[in-house]
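Enquirer: Those protein sequences? They're chains H and B, same order as listed.
Here the first sequence is numbered in the working numbering, starting from 1 and rising by one per residue.
Here the second sequence is numbered in the working numbering, starting from 1 and rising by one per residue.
No lab work stands behind these hints: they were computed from the structure.
Among the hints, a few may not be true.
[Unchecked claim] Chain B side only, calculated, beta carbon under 7 Å to chain H, not exhaustive:
{"#": "1", "residue": "THR328"}
{"#": "2", "residue": "LEU354"}
{"#": "3", "residue": "LEU357"}
{"#": "4", "residue": "MET362"}
{"#": "5", "residue": "TYR364"}
{"#": "6", "residue": "THR369"}
{"#": "7", "residue": "ALA370"}
{"#": "8", "residue": "MET371"}
{"#": "9", "residue": "ASN372"}
{"#": "10", "residue": "ARG374"}
[Unchecked claim] The calculated lysine to aspartate or glutamate pairs, modelled on EDC-like cross-linking and capped at a C-alpha distance of 20 Å, are:
{"#": "11", "chain 1": "H", "residue 1": "LYS168", "chain 2": "B", "residue 2": "GLU355"}
{"#": "12", "chain 1": "H", "residue 1": "LYS168", "chain 2": "B", "residue 2": "GLU348"}
{"#": "13", "chain 1": "B", "residue 1": "LYS145", "chain 2": "B", "residue 2": "ASP199"}
{"#": "14", "chain 1": "H", "residue 1": "LYS173", "chain 2": "B", "residue 2": "GLU355"}
{"#": "15", "chain 1": "H", "residue 1": "LYS173", "chain 2": "B", "residue 2": "ASP356"}
{"#": "16", "chain 1": "H", "residue 1": "LYS168", "chain 2": "B", "residue 2": "GLU386"}
{"#": "17", "chain 1": "B", "residue 1": "LYS396", "chain 2": "H", "residue 2": "GLU172"}
{"#": "18", "chain 1": "B", "residue 1": "LYS438", "chain 2": "H", "residue 2": "GLU172"}
[Said to hold, decoys possible] To be clear about the criterion: a stretch of chain H counts as covered by chain B if any three or more of its residues have a C-beta under 8 Å from a C-beta of chain B, and this derived list gives those stretches:
{"#": "19", "stretch": "158 to 168"}
{"#": "20", "stretch": "179 to 188"}
Every residue, glycine too, gets a C-beta built ideally from N, C-alpha and C.
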Amino acid sequence: MSIRIPLAALLGLFFTGLFFLVAVFAPLLAPYGYDEVVSSGFWDPSSSEYWLGTDGIGRDLLSRIIYGLRTTIWIATLATLLSFTTGSVLGFLAAVMGGWVDQALSRFVDLIMSIPSLIFALVILSITPITITVLILVMGFLDSTRVYRLARAVAVDITVMDYVEAAKLRGEKYIWIIFREILPNALSPLVAEMGLRFIFMVLFISTLSFLGLGIQPPQADLGGIVRENAEGLTYGIGAALYPAITIALLAISVNLVADWVLARTTSLKGGRG
Amino acid sequence: MTDTPLLKVRNLKIGATVYPPGERPQEIEIVHGVDFELEGGKVLGLIGESGAGKSTIGLATMAYGRGGVELTGGEVWVNGRDILQSGLRDVRRLRGAEVTYVSQSAAASFNPAKKIMEQVTEAAILQKKFSKKEAEARAVELFRKLGLPDPENIGNRYPHQVSGGQLQRCMTALALCPQPDLVVFDEPTTALDVTTQIDVLAAIKEAIRDTGVAALYITHDLAVVAQVSDQIMVLKMGEMVEYGSTDQIINNPQEEYTQALVSVRSIRHEEKVPTENPLLRVEQITARYRGTNFDVLKNVNVELHPGQTLAVVGESGSGKSTLARVITGLLPPRDGQIVFDGRTLTPELATRSLEDLRELQMIYQMADTAMNPRQTVGTIIGRPLEFYFGLKGRKKQERIQELLDEIELGEGFQDRYPAELSGGQKQRVCIARALAAKPKLIICDEVTSALDPLVADGILKLLLKLQKIEDVSYLFITHDLATVKAIADSIAVMYQGEVVRYGSKSEVLAPPFDDYTDLLLSSVPEMKLGWLEEVLAHRKMESAGH
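Isolated chain H (complex conformation) (with noise of 0.2 Å):
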């Protein structure tokens, strides 16, 4: 089989798979600890000891960036998991249930969507306490309701075929239903929009973290680093733009593989193989 992968889709390939593998190996890559203070003065500039120079209060900027980049990535990948089994397993039962189990679903997550989510985070934020679990459950949580929209529009499409009436005829369990007949049909749509839920979750907790109510110091995610650097920026010391940088690589060589598996699931030209 040979598939020929655009310019932008192989930049995208390389630069995701990059961030991941830093991420990962973090501990191996970083040249110092993560709250080690390396240096008695602070906002240094790039050296050959520090390459991307010292933070406010002395700590490696790269080492923080590395550490910072892998729970970034770390957090965004369990929350975009945790939103899909939820998202895609209630949104496939409302489909496939129909009546009122699909009616107070929808009308709950109707009901979740219409309260701007990072506000709603936030509200919720302030009453519980912040730990990396939590925050985990909460973007997860809102975010499964637009994978619940998605996952319920392509399931009630493939709901109607004459396969899934067969199996019910059959006297098929929804379980199976759901998981045999209408999931391996409702993955290549799925699997595009996860990239795009993936790339959403790093704004949202960089976001989060900006705000205060992300990860909470001496921990540090690429959200909170630009907080912590963003006094600098007064007096013209550019530290929070690597961050910033990175974050911004990141959401843009996500989005291009995920357009790129978009394209090809959607394409009508036999992509669906």
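Based on the hints, put chain B in the right spot on chain H.
Expert: Just chain B, lined up with the frame of chain H:
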């Protein structure tokens, strides 16, 4: 004009780009050099199965290739010029003026937002053939000729305000309005019920004769084309098989393939006598869909005996598929009950026992959507084995192969996906899936209507063979009376939710008929010349007698 024919096609080659999944797009040739000629006022029938290239050739006479189709070679001469060499401007002058087109689905071809008159006269006015007033007068004249009700005012209606058959006749008026030299009819009656088809067919034939236009008549139904055309060309896979006068093709076909097409639907099936205990008793079933206040089924009573076939016949909307939904439990009836093998079935699917579900299987019209595209043939057939009988591993594999042998597919199919099968093979796999459950009754919902005649014949023969081996009963839903004759032991004729005639095949198909059954039976095209005239003359006589 006498020496140059109106339409001359020389060595026409047509190519297309295909996109096999996971591979580079490929260029293939779908029509391999076809020649024919057509004189003014004559009708040429193009006939063949799906994929024969007949529609593609029809559109090529307007220098048009649909959906990535390219006219790669040859010549198409219309009125003395090669339109494949003409520029776009010339071609535009040709389309809608000299050559017009009638498509299969009028409902999909008319713009729902515009009145019929506006659309019928559009081409004639645009091509400056007639003024608006002349074109409208001409349209009314055509509406009258085509037997449309209220020809003066029907043009003021919107497409959804007339029936399917009427709309198809409106489209014929649309094609004839600019006074073209050639009309391409692309399966104009295929989507219609038989009782409507005959009217449209008669109208088209009369309009062709009266206006003196030449026509290409494209269809897969030889019996239909025999009624309207002077000559017939049989096509197969983009190649000409046989080309001759209608009389010669129907009565004296030379090629093996044409002979097969002519003798299709000639399965003879001796009806069996009813037994003591019916397998299925449908008792006074009345049903409606949720949220409606209209009974789709009204007091339906039928019986089906073990090892036999009950054919449920009717046109679309008669309630025959709804009957299947009630029997399977997908639609609980409002009244009445289903007795199966001596026990009364619960109305709801969810409350039926596994045994009930197993013994009652279903085969669908569209084999494409009846199989999960992401499951292999082995999984599709294997699932009922595993689900109902708990078969696993080698035992399951062996049984799957047994079933595949039974449906005449043999080795090497287990790992294929539905997309890798032909239409007939898909339907066979669906049959195997139903058989895997060892059912006592299989409901066949229009299982052959989406298939080409020869393939459908094969499926019917297979079903008859399997009935002998497995002693299974069929409830056979169809609109095609030829199929009924081939397979049924007893027949129920449905009309508007009621069973209007019911009994053994010989009883139902023997006179005296009720009005509806008479209409239905006499509307089925027969493979002989002059059938249409006979029927119409007969009907005229009867209505005069009343």
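Enquirer: The structure should be examined with respect to each hint, and the outcome stated for every one.
Expert: Hint check results:
Restraint check, B:THR328 versus chain H: the minimum CB separation of about 6 Å is within 7 Å; hint holds. A cut of 7 Å between beta carbons decides the hint on B:LEU354: the least distance to chain H is about 6 Å, and the hint holds. For B:LEU357, the interface hint holds, since its Cβ comes within 7 Å of a Cβ in chain H; the closest pair sits about 4 Å apart. Hint status for B:MET362 relative to chain H: holds, with the closest Cβ pair at about 6 Å, below 7 Å.
Against a cut-off of 7 Å between C-beta atoms, the interface hint on B:TYR364 holds, since the closest Cβ of chain H lies about 5 Å away. Taking 7 Å as the C-beta cut-off, the interface hint given for B:THR369 holds, the closest approach to chain H being about 5 Å. The criterion of a C-beta within 7 Å of any C-beta in chain H is met by B:ALA370, whose closest approach is roughly 4 Å, and the hint holds. With a least beta-carbon distance of about 6 Å to chain H, the hint placing B:MET371 at the interface is held under the 7 Å criterion.
This hint holds: B:ASN372 has a C-beta 5 Å from the nearest C-beta of chain H, less than the 7 Å allowed. Hint on B:ARG374 holds. Least Cβ distance to chain H is approximately 4 Å, under the 7 Å limit. At most 20 Å may separate the alpha-carbon atoms for a hinted pair to count; H:LYS168 and B:GLU355 meet this at roughly 14 Å. Between the alpha carbons of H:LYS168 and B:GLU348 the distance comes to roughly 12 Å, so the proposed pair stays at or under 20 Å and holds.
Simply put, B:LYS145 and B:ASP199 have alpha-carbon atoms about 12 Å apart, close enough for the 20 Å limit, and the pair holds. Restraint check: the Cα-Cα separation between H:LYS173 and B:GLU355 comes to about 15 Å, which is no more than 20 Å; the hinted pair holds. For the given pair, H:LYS173 sits about 16 Å from B:ASP356 by alpha-carbon distance, which is consistent with the 20 Å threshold. For the hint pairing H:LYS168 with B:GLU386, the CA-to-CA distance comes to about 15 Å; that is within 20 Å, so the pair holds.
A distance of roughly 19 Å separates the Cα atoms of B:LYS396 and H:GLU172; the hinted pair therefore holds under the 20 Å criterion. Note on B:LYS438 and H:GLU172: the hinted pairing holds, with a Cα-Cα distance of about 17 Å set against a maximum of 20 Å. Requiring three or more residues with a Cβ within less than 8 Å of a Cβ of chain B, the coverage given for the stretch 158 to 168 of chain H holds, as 6 such residues are present. Coverage of the stretch 179 to 188 of chain H by chain B holds. Counting CB-CB distances below 8 Å, 4 residues qualify, and the rule asks for three or more.
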